[in-house]
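Generate the whole structure from the sequences, applying the supplied hints.
Chains as they are written, first to last, in my numbering: chain Z, 7 to 478; chain P, 60 to 161; chain E, 45 to 523.
Honestly, the hints are just simulated from the structure, not real lab data. Don't take every hint at face value.
[As the list claims (entries may be wrong)] Computed from the model, here is a short list of chain P residues facing chain E with C-beta under 10 Å:
no., residue
1, ARG126
2, ARG131
3, ASN147
Note that the structure is predicted; figures quoted are calculated from it, not measured. Note that CB positions come from ideal geometry on N, CA and C, so glycine has one too.
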Amino acid sequence: MSIVATAESVRTKQTRAVVVADETLAAIEARDGDIHAFLHLDAESIRAQARGIDSQIDAGQHPGRLAGVPVAIKDNLCQRGVPTTCASKILEGWKPPYDATVITRLREAGAVLVGKTNLDEFAMGSSTENSAFGATKNPVDPSRVPGGSSGGSAAAVGADMVPVSLGSDTGGSIRQPAAFCGVVGLKPTYGTVSRYGLIAFASSLDQVGPFARSVDDAGVLFEVIAGHDPMDSTSLAISAPDVMTDIDGGVAGLRIGIIPELMDGSSDEVRARVVAAQDALREAGATLVSLPAPELLLGLAAYYLIAPAEASSNLARYDGVRYGNRVDGADVSAMMIATRTAGFGDEVKRRIMLGTYALSAGYYDAYYGQAQKVRTLIIETFHRIYQSCDLIVGATTPTTAFEFGSKTADPMSMYYSDIFTIPSNLAGHPAISVPFGTGEAGLPIGVQLLGPALSEPTLFRAAKFLETEVGR
Amino acid sequence: MSSTHPLDANDVIKVASLARLSLSDDEVERFTGQLARILDSAAEIAALDLGGLAPTAHPLALVNVLRDDVVRDSLDRDDVLSQAPSVNDNRFSVPKIIGDAP
Amino acid sequence: MSTLPDGWFMVVGLEVHTELRTETKLFCGCANAFGDQPNTNICPVCLGLPGALPVLNQRAVEYAIRIGLALHCVIQDSSFHRKNYFYPDMPKDFQISQYDIPINGPGYLDLPGGVRIGIERAHLEEDTGKTTHLGGTGRIHGSDESLVDYNRSGVPLVEIVSCPDIRSAAQARAYAAELRSILIASGASDGRMEEGSMRVDANVSVRRGEDQPFGTRCEIKNLNSLRSVQRAVEYEALRQIALLEDGGTVRQETRHWDEDAGKTHTLRTKEEAYDYRYFPEPDLVPVTPTQAFIDTVRTGLAPMPAERRAALVSLLGEPNDAQIDQLLAVVEQGLDHFVITAVNAGVNAPLALTRTANELAASDRSLDNLDAEAIAATLLLEQAGDLSATQSKAVLAEVIAHGGGDPKAIAKSKGFEHMADGALDLVIDEVIAAHPDEWERFCGGDEKLQGFFTGKIMAATKGQADGKAVSAGLRARKN
Ligand SMILES: [Mg+2]
Ligand SMILES: [Zn+2]
Numbered sequence: 007m008s009i010v011a012t013a014e015s016v017r018t019k020q021t022r023a024v025v026v027a028d029e030t031l032a033a034i035e036a037r038d039g040d041i042h043a044f045l046h047l048d049a050e051s052i053r054a055q056a057r058g059i060d061s062q063i064d065a066g067q068h069p070g071r072l073a074g075v076p077v078a079i080k081d082n083l084c085q086r087g088v089p090t091t092c093a094s095k096i097l098e099g100w101k102p103p104y105d106a107t108v109i110t111r112l113r114e115a116g117a118v119l120v121g122k123t124n125l126d127e128f129a130m131g132s133s134t135e136n137s138a139f140g141a142t143k144n145p146v147d148p149s150r151v152p153g154g155s156s157g158g159s160a161a162a163v164g165a166d167m168v169p170v171s172l173g174s175d176t177g178g179s180i181r182q183p184a185a186f187c188g189v190v191g192l193k194p195t196y197g198t199v200s201r202y203g204l205i206a207f208a209s210s211l212d213q214v215g216p217f218a219r220s221v222d223d224a225g226v227l228f229e230v231i232a233g234h235d236p237m238d239s240t241s242l243a244i245s246a247p248d249v250m251t252d253i254d255g256g257v258a259g260l261r262i263g264i265i266p267e268l269m270d271g272s273s274d275e276v277r278a279r280v281v282a283a284q285d286a287l288r289e290a291g292a293t294l295v296s297l298p299a300p301e302l303l304l305g306l307a308a309y310y311l312i313a314p315a316e317a318s319s320n321l322a323r324y325d326g327v328r329y330g331n332r333v334d335g336a337d338v339s340a341m342m343i344a345t346r347t348a349g350f351g352d353e354v355k356r357r358i359m360l361g362t363y364a365l366s367a368g369y370y371d372a373y374y375g376q377a378q379k380v381r382t383l384i385i386e387t388f389h390r391i392y393q394s395c396d397l398i399v400g401a402t403t404p405t406t407a408f409e410f411g412s413k414t415a416d417p418m419s420m421y422y423s424d425i426f427t428i429p430s431n432l433a434g435h436p437a438i439s440v441p442f443g444t445g446e447a448g449l450p451i452g453v454q455l456l457g458p459a460l461s462e463p464t465l466f467r468a469a470k471f472l473e474t475e476v477g478r
Numbered sequence: 060m061s062s063t064h065p066l067d068a069n070d071v072i073k074v075a076s077l078a079r080l081s082l083s084d085d086e087v088e089r090f091t092g093q094l095a096r097i098l099d100s101a102a103e104i105a106a107l108d109l110g111g112l113a114p115t116a117h118p119l120a121l122v123n124v125l126r127d128d129v130v131r132d133s134l135d136r137d138d139v140l141s142q143a144p145s146v147n148d149n150r151f152s153v154p155k156i157i158g159d160a161p
Numbered sequence: 045m046s047t048l049p050d051g052w053f054m055v056v057g058l059e060v061h062t063e064l065r066t067e068t069k070l071f072c073g074c075a076n077a078f079g080d081q082p083n084t085n086i087c088p089v090c091l092g093l094p095g096a097l098p099v100l101n102q103r104a105v106e107y108a109i110r111i112g113l114a115l116h117c118v119i120q121d122s123s124f125h126r127k128n129y130f131y132p133d134m135p136k137d138f139q140i141s142q143y144d145i146p147i148n149g150p151g152y153l154d155l156p157g158g159v160r161i162g163i164e165r166a167h168l169e170e171d172t173g174k175t176t177h178l179g180g181t182g183r184i185h186g187s188d189e190s191l192v193d194y195n196r197s198g199v200p201l202v203e204i205v206s207c208p209d210i211r212s213a214a215q216a217r218a219y220a221a222e223l224r225s226i227l228i229a230s231g232a233s234d235g236r237m238e239e240g241s242m243r244v245d246a247n248v249s250v251r252r253g254e255d256q257p258f259g260t261r262c263e264i265k266n267l268n269s270l271r272s273v274q275r276a277v278e279y280e281a282l283r284q285i286a287l288l289e290d291g292g293t294v295r296q297e298t299r300h301w302d303e304d305a306g307k308t309h310t311l312r313t314k315e316e317a318y319d320y321r322y323f324p325e326p327d328l329v330p331v332t333p334t335q336a337f338i339d340t341v342r343t344g345l346a347p348m349p350a351e352r353r354a355a356l357v358s359l360l361g362e363p364n365d366a367q368i369d370q371l372l373a374v375v376e377q378g379l380d381h382f383v384i385t386a387v388n389a390g391v392n393a394p395l396a397l398t399r400t401a402n403e404l405a406a407s408d409r410s411l412d413n414l415d416a417e418a419i420a421a422t423l424l425l426e427q428a429g430d431l432s433a434t435q436s437k438a439v440l441a442e443v444i445a446h447g448g449g450d451p452k453a454i455a456k457s458k459g460f461e462h463m464a465d466g467a468l469d470l471v472i473d474e475v476i477a478a479h480p481d482e483w484e485r486f487c488g489g490d491e492k493l494q495g496f497f498t499g500k501i502m503a504a505t506k507g508q509a510d511g512k513a514v515s516a517g518l519r520a521r522k523n
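Structural data, given as structure tokens:
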């Protein structure tokens, strides 16, 4: 059932929000012991929220577009009074005194906030293996990673524990796990969804977005969370984009770009599914154009300087003074060092040090400064590409979900799994990953659609089309 | 254009100190190897001639996002202090400070 | 003017941080208030909670531009950077500040004496929280626990950086005093150094010969009053000269001014200098004020101290040195409108200036709501001879205490009546008769007794007597 249908039946009392909540809890009970998608779950709070929705309906009120719809939340979004850890020991036990704007929007829409999902610590990773509280497993094959960093949110939807969830995407952290878990994942245009209350990894790249079982559900959830927020200076002063009105409009007449470099190094099975998607689009009346753009591959290196640089500053505040965990020391500096050394995991330390280095005296121009210029180059490259096409179709990830431990020894090999998703973050553009069949081992394969800023309506149209063609 | 030198253990010790992290000797060695590999791949962009391009700090071209000078509710003090590792006299308590602020 | 050993010259630049008088903080809606209960004006933003984001206060931008215009600065498009360093009073462990492109570029400030001091920049940034040190002496050294209150965290600051154009300790003080007057006049800041809303750091170096290159400089922190600015700069220049004359070298370092000891001591050497890793603040967007907005701010700007001093000079005609000192003080303290109101009411300018410079300026009460008309009315009574100088001062004290009032009624309630002709002569004769020995010694040349007799006569007349008439009466009888 779609979330629109669920909300409709809750609103018309064909079912009750408490019944939906109990079904959700039962599904989590059945699967999460194996999957470990959730870091925090409070059954009583879920039932209480559902009862609240039901009593609003009983009182003749309209609880909103997501009445009674369960939504899981990545544990880097602040929810008032609910433990929020970023999967880090340094924040273990911290309860934010405020709600992120997206949480407020979900509440206002009548959604039931189900719990906090697992992630790579501070969203730094591509496998959810970097969680301080244990990895999440891929619901399709538990010997494999769910992707990351939003692995918990992707797996919770992929395992049918919840219909939709929220994640965050800094370099592919929604799209890559969506592809690995066989669900839909959107990285919206930078500035369309408020970052207020999203615990920052890399501020100029981070964006909150939806995971869903279907393109329609992703579209509805996106419309609910998007729109201007005066608490976020980087929020675009526009109303929430309308992606649903024309979502069934098809792809006839669209010019769709193929960037050979965005398939570079893909496995044969991934390549085969992308080609199948291209064929389907062409047959449905889209024009496909090949547009080589080798500059986009520079994005990976630029990203691995820019994101850690911003992160090194964003994560300075975890110093044991105001909140979170403290490890004592003889003086304040020793306390801060002890706290941070004990509180952060290796990947976080690696990126903090990398970012600190890239910004430090003598290296700024060569590293951070150059990376910012590459960012300009990538934006200009996209600009050139979008003179000739409306959208780009390509692979979300070079491979299907990999096995636990297979990339942990070599950070670079892990970073490489984000090579196709990173350019959109650097440019602030939207991109969506749609499941488009499976590979030889039955593992999901995602096709990525990329578009220019605010092209979500077109992206959703094309994504919806691919969803209907998934069987071919 | 810009020059870089290979990262060594001293660099790692220095950035760890700037970032308020302490590393064991083993960690210094491990992180030096890993960070050097990452910076190696960054060398391809450090070596690019991008003289004509302006840096992009931010993907949006927004300017002048301002708010009115109107007081909003502050947080409840007890709520905030209840989350603090150490509190004394309604303030956040820290061990002795060596050295003034910059 | 220089108090330095022969052949030595000092070079000084000042960095002044001033808090802006906004209702709310720079990046959040918490109240910008001094003296509230600790940690009551805090929110996710100014406490640096995970996930919180800054949004710039429009009024802070306007106030910064006011300061820039008052200092003849170039107002320009600007952006914010992060200055990264760990310190417990800074909630995010970085400060949001303006780095390479400040809102106010180069400008200048003219000292009352005519010397022009260049302004390098005046940029916006956020203040830190406030730390209290427990144990030991209550200072940072010897304390074993510190407590942090974040009420001040995020309060808007403008940092005004002068060029190294200052050449003496007295000039450093004059610059700080003039800047303070300008800040107050702009309405952007209250300039209260004692509350820490204006804080001064000084960069001091010395050289042998005015045509020599600048020497190594030291930065002096913790200058909490105009007096400390002058003393610290003087001390530091002499310290450096003594060091150099002994064959030593000056190390570039940050030094702390100890007001009680009257000395500076090392805080931090250059080797321990921070690497701030400035980079563009990704959570904020650039500020690009339009020319129309800048013009509106300019139009709304009140007259600056230089203009106000000129107005007083024109009232006085050709002021003498004492009057120049008085008018400098009156304008510095923002009291010149009392002089102008009194003169407009018919009081002669020297009297209006003297009473304002002494009676009003010396008052420890707030003069913000004091009725200037009541002051003028009092001075008119004095000018007409209805009140003696002593009585006038007593009435002024009462008017100041109540923020206004009817001076005639106050005079009456104090029993101040105009003395009838001949009444003073009678009192003088009585006082002389009552103290024959003293009178004989006075007539014999003991001038100290002039004060003795004046005091007795004043007491007998309850201060109604005019001081000049008393001394004239005494002199007439002595001869
Ligand atoms: Mg400063
Ligand atoms: Zn605040």
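Structure-based check of all given hints:
Annotation: interface hint on ARG126(P) holds; nearest CB of chain E at approximately 5 Å, less than 10 Å. The interface hint given for ARG131(P) is met, as the beta carbon of that residue sits about 3 Å from the closest beta carbon of chain E, less than 10 Å. Of the supplied interface hints, the one on ASN147(P) holds, with its beta-carbon coming within about 6 Å of a beta-carbon of chain E, less than 10 Å.
Checked against the numbered hints above, the structure breaks none of them.
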